[in-house]
Each structure stands twice: as structure tokens, then as C-alpha cells.
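Generate the whole structure from the sequences, applying the supplied hints.
Each residue of the sequence shown is one higher than the last, beginning at 32 in my numbering.
For the record, the hints were derived by calculation from the structure and aren't laboratory data.
Since the structure is predicted, the reported quantities are computational estimates derived from the model, not experimental observations.
There could be a bad hint or two in this list.
Unchecked claim - Label pairs and their computed distance ranges (CB to CB):
id, residue 1, residue 2, range
1, Glu-98, Val-136, 14 to 22 angstroms
2, Phe-81, Glu-129, 24 to 32 angstroms
3, Val-73, Gly-134, 14 to 22 angstroms
4, Asn-119, Gly-61, 20 to 28 angstroms
5, Ala-113, Lys-156, 31 to 39 angstroms
6, Glu-77, Asn-119, 17 to 25 angstroms
Unchecked claim - Pairs of lysine-lysine, PhoX-like flavour, derived with a Cα cap of 25 angstroms:
id, residue 1, residue 2
7, Lys-69, Lys-123
8, Lys-156, Lys-117
9, Lys-156, Lys-123
10, Lys-140, Lys-117
11, Lys-117, Lys-144
12, Lys-144, Lys-69
13, Lys-69, Lys-156
From the three backbone atoms N, C-alpha and C, an ideal C-beta is built for every residue, glycine too.
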Amino acid sequence: MMSTRLEPTQIGAPTGRLSDWAIAPMHFNGFAGLPTTKDLAVHSPEFSCFGHQWRLQIFPGGEEGSEDGYVAMYLQNRTEEAIEVKSNFIVKHPNGGEDVSDGWVNIVKFSPKGALGYDFARRSKL
Numbered sequence: 032m033m034s035t036r037l038e039p040t041q042i043g044a045p046t047g048r049l050s051d052w053a054i055a056p057m058h059f060n061g062f063a064g065l066p067t068t069k070d071l072a073v074h075s076p077e078f079s080c081f082g083h084q085w086r087l088q089i090f091p092g093g094e095e096g097s098e099d100g101y102v103a104m105y106l107q108n109r110t111e112e113a114i115e116v117k118s119n120f121i122v123k124h125p126n127g128g129e130d131v132s133d134g135w136v137n138i139v140k141f142s143p144k145g146a147l148g149y150d151f152a153r154r155s156k157l
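This is the structure in C-alpha cells:
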């Protein structure tokens with residue numbers, strides 16, 4: 032019999048100031064095959080971080096207001112409570128090429144059940 036060790040799951044917000052980064056890896060397998068229709072989203076499963084439920088939403092063909100050829104990324108607060116966070120998206124190249132990274136410079140406030148995002152990068156770079 033083989034056993035698998037899972038990563039620890041954090042429940043509730045840690046006490047004190049939230050000064051550490053929490054990393055939530057997401058794998059959108061088969062990205063090249065995702066639809067490039069504008070305003071068509073692909074969602075991650077919900078995950079928990081800092082006592083809130085979150086979901087990553089990507090628009091492989093961009094959202095309605097996106098510049099042509101861009102992928103838009105949104106982080107959604109799925110909890111009925113506002114929260115202030117600083118976030119960064121990093122897309123790892125599967126074959127060891129250059130990673131693409133971007134995020135908010137300042138702390139941003141997510142409203143209850145709110146989402147924030149932007150045109151992340153040209154699809155050709157991912």
C-alpha cells in the first residue's frame with residue numbers, strides 16, 4: 032500500500048498581522064487548448080486562504096474590454112466579508128522558459144463576493 036502526504040490546509044485567518052505570503056499553486060493543464068473566445072472564463076476550484084474562500088478566473092481569449100491577444104486574470108473573493116491583500120500572479124513556463132509575473136503594487140481591497148483583475152500578458156508569451 033502506498034501513502035500520499037497532502038499539504039496542510041489552513042482554516043481561519045492566522046492571528047496577528049498578515050505579513051507572510053501564501054502561495055496557492057494552480058495548474059490550468061492544456062492551456063494551449065483552452066478557448067480563445069473573448070469574455071469566456073475558465074475557473075479554478077475554490078480554495079481557502081487567510082480565512083476567505085477564493086477562486087482564480089482566467090479569460091484565455093481576454094475579457095470583453097481586453098486588448099486583442101491578451102489573457103485576463105481575476106482573483107475572486109468568494110466570501111461574504113471584505114479583505115485587503117496584495118496579490119501577485121506568476122505563470123511558470125512548463126519547459127523551463129521565462130516565467131511571467133505581475134501583480135498589484137499596493138494592497139487592494141476585495142469587496143464581499145468581489146473580484147479584481149486585469150489583462151495579465153499576451154497569450155503568445157504564455
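query: Does the structure keep Lys-69 and Lys-123 at a Cα separation of 25 angstroms or less?
result: Holds, at about 23 angstroms.
message: Can you confirm whether the C-alpha distance between Lys-156 and Lys-117 stays at or below 25 angstroms?
response: holds (24 angstroms)
Proposed proximity, Lys-69 with Lys-144 (alpha carbon, max 25 angstroms): Given pair Lys-144, Lys-69 holds - Cα atoms ~23 angstroms apart, limit 25 angstroms.
message: Can you confirm whether the C-alpha distance between Lys-69 and Lys-156 stays at or below 25 angstroms?
response: holds (18 angstroms)
query: Does the Cβ pair Glu-77, Asn-119 satisfy 17 to 25 angstroms?
result: Once the Cβ atoms are compared, 20 angstroms apart, the range 17 to 25 angstroms for Asn-119 and Glu-77 holds.
query: Okay, Glu-98 versus Val-136 on CB: inside 14 to 22 angstroms?
result: At roughly 20 angstroms between Cβ atoms, Val-136 and Glu-98 fall inside 14 to 22 angstroms, so the hint holds.
message: Run the distance test for Lys-117 versus Lys-144: straight-line Cα separation, threshold 25 angstroms.
response: Distance of about 17 angstroms is within 25 angstroms: holds.
field: Agreement of Lys-156 and Lys-123 with the hint, judged by alpha carbon distance not exceeding 25 angstroms
entry: holds (11 angstroms)
Status of the given 31 to 39 angstroms range, CB of Lys-156 versus CB of Ala-113: Because 33 angstroms falls inside the window, the suggested range holds.
query: Using the C-beta atoms of Val-73 and Gly-134, is the stated range 14 to 22 angstroms upheld?
result: holds (20 angstroms)
- request: Confirm or reject the claim that Asn-119 and Gly-61 have a C-beta distance inside 20 to 28 angstroms.
  value: Since Asn-119 and Gly-61 have Cβ atoms about 24 angstroms apart, the given range 20 to 28 angstroms holds.
query: Under the criterion that the straight-line Cα-Cα distance not exceed 25 angstroms, is the pair Lys-140, Lys-117 satisfied?
result: Holds, at roughly 9 angstroms.
The structure fails none of the hints (numbered hints given earlier).
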